[in-house]
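Given chain U, put chain A in place with the hints provided.
Now for the letters of each chain:
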Amino acid sequence: MIKRAGPHFILILFSASLLLPLLWVLRTSLTNKVSAYRIPPEWTEPIADNYIAIFTDQPFGTFFLNSLIVAVGSTAIALPLATMLAYAFCRFNTGGMPLRLTVLASQMLPPVILVLPLFSIFLTVGLINNHLGLMLAHVTINLPFLAWMLISFFEGDARIVEEAARVEGATRLQAFLFVAVPMAAPGIVAAGLLGLILSWNEFLYALVLSGKATATLPIGLSALETHRGVEIAMLAAATMFSITPVFVLLPFLKRYLIKGLALGAVK
Amino acid sequence: MSALFAPTLAARDRRFGYAMAAPAIVVLAAIILAPVALALATSLFDYTLMNMTFDRFIGFDNFVAALSSSEFANSMVVTTLFVIAVVALEFVIGFVVALMLTTVKRGKNIYYLILLIPLLINPVVVGLIWRMLLHPTLGIVNWLLGGIGVPDIDWLGHPGTAFWTVVLVDIWHQVSFMAVLLTAGLSALPTEPYEAARAEGAGTLQTFWYITLPLMKPVIAVTLLIRLIFAIKTYDLIYIMTRGGPGDATDLISYYIYRSAFARLNLGEAAAMAILLMVIVIVLTLALFRTMRARG
Numbered sequence: 001m002i003k004r005a006g007p008h009f010i011l012i013l014f015s016a017s018l019l020l021p022l023l024w025v026l027r028t029s030l031t032n033k034v035s036a037y038r039i040p041p042e043w044t045e046p047i048a049d050n051y052i053a054i055f056t057d058q059p060f061g062t063f064f065l066n067s068l069i070v071a072v073g074s075t076a077i078a079l080p081l082a083t084m085l086a087y088a089f090c091r092f093n094t095g096g097m098p099l100r101l102t103v104l105a106s107q108m109l110p111p112v113i114l115v116l117p118l119f120s121i122f123l124t125v126g127l128i129n130n131h132l133g134l135m136l137a138h139v140t141i142n143l144p145f146l147a148w149m150l151i152s153f154f155e156g157d158a159r160i161v162e163e164a165a166r167v168e169g170a171t172r173l174q175a176f177l178f179v180a181v182p183m184a185a186p187g188i189v190a191a192g193l194l195g196l197i198l199s200w201n202e203f204l205y206a207l208v209l210s211g212k213a214t215a216t217l218p219i220g221l222s223a224l225e226t227h228r229g230v231e232i233a234m235l236a237a238a239t240m241f242s243i244t245p246v247f248v249l250l251p252f253l254k255r256y257l258i259k260g261l262a263l264g265a266v267k
Numbered sequence: 268m269s270a271l272f273a274p275t276l277a278a279r280d281r282r283f284g285y286a287m288a289a290p291a292i293v294v295l296a297a298i299i300l301a302p303v304a305l306a307l308a309t310s311l312f313d314y315t316l317m318n319m320t321f322d323r324f325i326g327f328d329n330f331v332a333a334l335s336s337s338e339f340a341n342s343m344v345v346t347t348l349f350v351i352a353v354v355a356l357e358f359v360i361g362f363v364v365a366l367m368l369t370t371v372k373r374g375k376n377i378y379y380l381i382l383l384i385p386l387l388i389n390p391v392v393v394g395l396i397w398r399m400l401l402h403p404t405l406g407i408v409n410w411l412l413g414g415i416g417v418p419d420i421d422w423l424g425h426p427g428t429a430f431w432t433v434v435l436v437d438i439w440h441q442v443s444f445m446a447v448l449l450t451a452g453l454s455a456l457p458t459e460p461y462e463a464a465r466a467e468g469a470g471t472l473q474t475f476w477y478i479t480l481p482l483m484k485p486v487i488a489v490t491l492l493i494r495l496i497f498a499i500k501t502y503d504l505i506y507i508m509t510r511g512g513p514g515d516a517t518d519l520i521s522y523y524i525y526r527s528a529f530a531r532l533n534l535g536e537a538a539a540m541a542i543l544l545m546v547i548v549i550v551l552t553l554a555l556f557r558t559m560r561a562r563g
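Going line by line, the protein sequences match chains U and A. Taken in order, the first sequence gives residues 1 to 267; the numbers are from the working numbering. Taken in order, the second sequence gives residues 268 to 563; the numbers are from the working numbering.
Worth double-checking, as some hints may not be accurate.
Stated by the list, open to error - Heads up, incomplete: computed chain U residues facing chain A, CB under 8 Å, no partners named: (1) PRO7; (2) LEU11; (3) ASN201; (4) VAL208; (5) ILE232.
Keep in mind the hints are simulated off the structure, nothing from the lab. All of these numbers come straight from a predicted model, not from anything done at the bench. Note that the Cβ used here is the ideal one computed from N, Cα and C, for glycine as well.
Only chain U is shown next, with the shape it has when bound in the complex:
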């Protein structure tokens, strides 16, 4: 009996330590200004005021829109390029080990290394405080990540079906577009969603390269914190608001997350 309960005990304790902090912040986001500060905590009727205030008193609508534009834009640029690169790696071993290593190293590169030169370059060409500039900066994260993740989706049965199509007279490009891509579609979609999340959560590039007009959610959140001191009810609402889209995607990503996290090294 104890032997059976042991693992559950540890897992429940672990799950609770991950969930309870988030639930507490959720609770704080539904309180009013005054009771958010009360220690010991008092129970109040949940109110949505803070969720309204972040749009009326604070420009969180704009932050949300900027995050969405940059995330969709950078993924839209990176995903097709990454898909083609991954296919070339998988079928033709293009560029061999050196190119693969370059892609992996690009993915591992700390953003602080690229942010300095990107800042100088974008300042010269006028891409500071510009959606396209931030999209390109996020492509430096997304493109290597997506290419590396997508390699494994082109392995397996697709190769045989492609060969059959080639025998039937399809060109290489047709075999890629009408056989390989449709067969890998679920993986490509999942990779795209992870790309959106990577860009959605990115902070350092946005901090240095964006401005008032293009500030994304993480920037808005960090500014809220410094300018407002500790107005925690509103801050709690803003943090909850910014992680909601990611939660919506979680069930769809469950199966594919491991491929992205493990860089294909763990199946």
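Showing chain A alone in chain U's frame:
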């Protein structure tokens, strides 16, 4: 296919491969390789935000300045300690959770789903949430600890506590990474060795030490290396929680380089430090690449 056509077919395959890879290669060259080259150039010139020109070549002076600065040395030490602490602790906790997850049958999916939640949360949000929870007087954590008689802790106010607070918050955020990868590794292990061990009457600890650990070695190596490299990049958490302080107790390298460039406006020295950091990361990436290839 006759042998006569084979070479041209192979050549056409190769050409198609390059055509498919070309757009990505061009983009990577433009937005990663060119900026890296520019950083390298910047590191060799007297290049500051006040004087953004390449007119004063100073050789390795920026590197010498960086390497002889005590702040850089401190940052390297703090980063090393931080990386060792988070990787080791996350590994141990993650491994325990992974082992438990592979043991239980009921509720497995729910545990797993909860496990994934922190991984997708923005580090800025993680930092903000924990600043609220750990607030010395208004936070729920000190109130709860007070309930069991622990006096208020100033989590981010003292150098020693601030370092371990950041470590704890990073564990909360990233321990699932280890748990998820190690769980995947454990569930892919063959069952025969375990049956044999049970037939021989081996105990749980013996089985773990002599069967699970050796079989898991490749997965463990890859997991540790990936997490190690990502831990070196830690930036957001520091920016939100401590700004490198108090003093320089949590001045991780990514944050220090950022500060040198955009607060002290010395882009040349910041670039030199960035290049040094890049060399370290590339060496670790090579090790990771070799480990991954060894596994096939």
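Hint check:
no. : hint   : result
1   : PRO7   : 4 Å, holds
2   : LEU11  : 5 Å, holds
3   : ASN201 : 4 Å, holds
4   : VAL208 : 7 Å, holds
5   : ILE232 : 5 Å, holds
Comparing the model with each earlier hint shows no violations; every hint is respected.
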